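Undergrad: Spelled out from the first residue to the last, the chains are:
2 protein chains.
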Amino acid sequence: MARRNPEETRQRILQAATDLFYARGIRAVGVDAIAAEAGVTKRTMYKHFESKDALIVCYLEARDEPVLTGLINSIANAPGDIADRIASMFIALAKRAEGKSWQGCPFARAVSELRDADTGDVAKIAGDHKHTFEHWLEMHLAADSVESADLVARQVMVLLDGCITQLLIHRDSSYAYASAKAARCLIRARCP
Amino acid sequence: MARRNPEETRQRILQAATDLFYARGIRAVGVDAIAAEAGVTKRTMYKHFESKDALIVCYLEARDEPVLTGLINSIANAPGDIADRIASMFIALAKRAEGKSWQGCPFARAVSELRDADTGDVAKIAGDHKHTFEHWLEMHLAADSVESADLVARQVMVLLDGCITQLLIHRDSSYAYASAKAARCLIRARCP
DNA sequence: TCCTTAGTATACCGATCTGTATACTAAGGA
DNA sequence: TCCTTAGTATACAGATCGGTATACTAAGGA
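In order, the protein sequence lines correspond to chains A and B. Position 53 (the first sequence) corresponds to 52 in numbering that gives the first Met the number 0; numbering is contiguous. Position 101 (the second sequence) corresponds to 100 in numbering that gives the first Met the number 0; numbering is contiguous.
What the hints contain is simulated information worked out from the structure, not anything from laboratory work. No false leads were slipped in.
Simulated crosslink set (PhoX-like; lysine-lysine; CA at most 25 Å straight-line): (1) A/K94 / B/K123; (2) B/K123 / B/K51; (3) A/K94 / A/K180; (4) A/K123 / A/K51; (5) A/K180 / B/K180; (6) B/K94 / B/K180; (7) B/K94 / A/K123; (8) A/K99 / B/K123; (9) B/K41 / B/K51; (10) B/K99 / A/K123; (11) A/K41 / A/K51.
As the structure is a prediction and not an experimental result, all values here were calculated from the model.
Kindly generate the complete structure, drawing on both the sequences and the hints.
TA: What follows is the structure, given as structure tokens:
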């Protein structure tokens, strides 16, 4: 089976790492398991990624765009004003969290798990990801003439990650509905 | 050094496990490191705890009361009405999160980290802990005549864990201030 | 005095961890 | 034809993992 497209092989390895890291946790998954899942020898894996740490970084960097796209679509494709549309994001989240394969936010979980090692890189990737979405929210809130769009965007970020944590612990979608109501309230209300 | 108080030895082991699990993560810490930190041989450790899994469970169960006490005190000892006092909890959290030893919520991190193994036990302990505090909040909100105290308590829980996640990722206390304002708004506002 | 208790010291088990070494194969281009 | 490329197969190194076995010591109570 030689002479395959190298880029395609690289993607298969990255996909295997993504599936396993997300499902079981980063520290819980060994490189042997990743290579086996990708249908590739460990030697080939190390030709494409110099170490497990590098693979972890690539895994997180690769999640940035699809996760953002999913969140943004759940807002952009919803009806109503900006408050309704952001509330819809929480409802969409509740639906996804019902599936067994849903395991929360890969960025928050990576930061939770890797507390001493290369926390620097991981925290930066996670922080950039969260900041990107916060900025997107701020712009869209401002476009709908919401006052203090920066503060409200930040509060929605807090609600989002809090909602994810509650869903992961309780597996009870009513936390998403409470979060949706809170978001609507914070976006619409004129708070002192 | 024989003939020590067994209960005191057990506590020393549990304290070492607590320090290491919280600082570095549960999967990242080996039983050898815990025994060494406790100044005890591995053999002694296994006389007090039958396995690492049992030690993990004891670690989490032992965190329940002190964590709750800390949160409750940061509310009970603050001035103002219930909205002000709950807002103070977020400010106190921001202060604690400035310290390097602060690493977020031990329960949420344990659930994040242990996704396949004995997730059952761990998720139950974490869920009970969160529910206990949510119930405490609900009672105190109701005592101050806040409408929909159950909903508002749930929303404060979402804000709390979201705030912790943001603080852990960004290490930026302004997220706590935004959370405090959100909590005040949700407690005081009459939302549709 | 003797036995139980609580612990130490040390060594080991098999498994798994990240990572590397050696040797081979099949596809395609010059 | 021959060389480079992309990969396989297998084995192993050195460390660490959770957990156990053997043999010993020192403090107290009966």
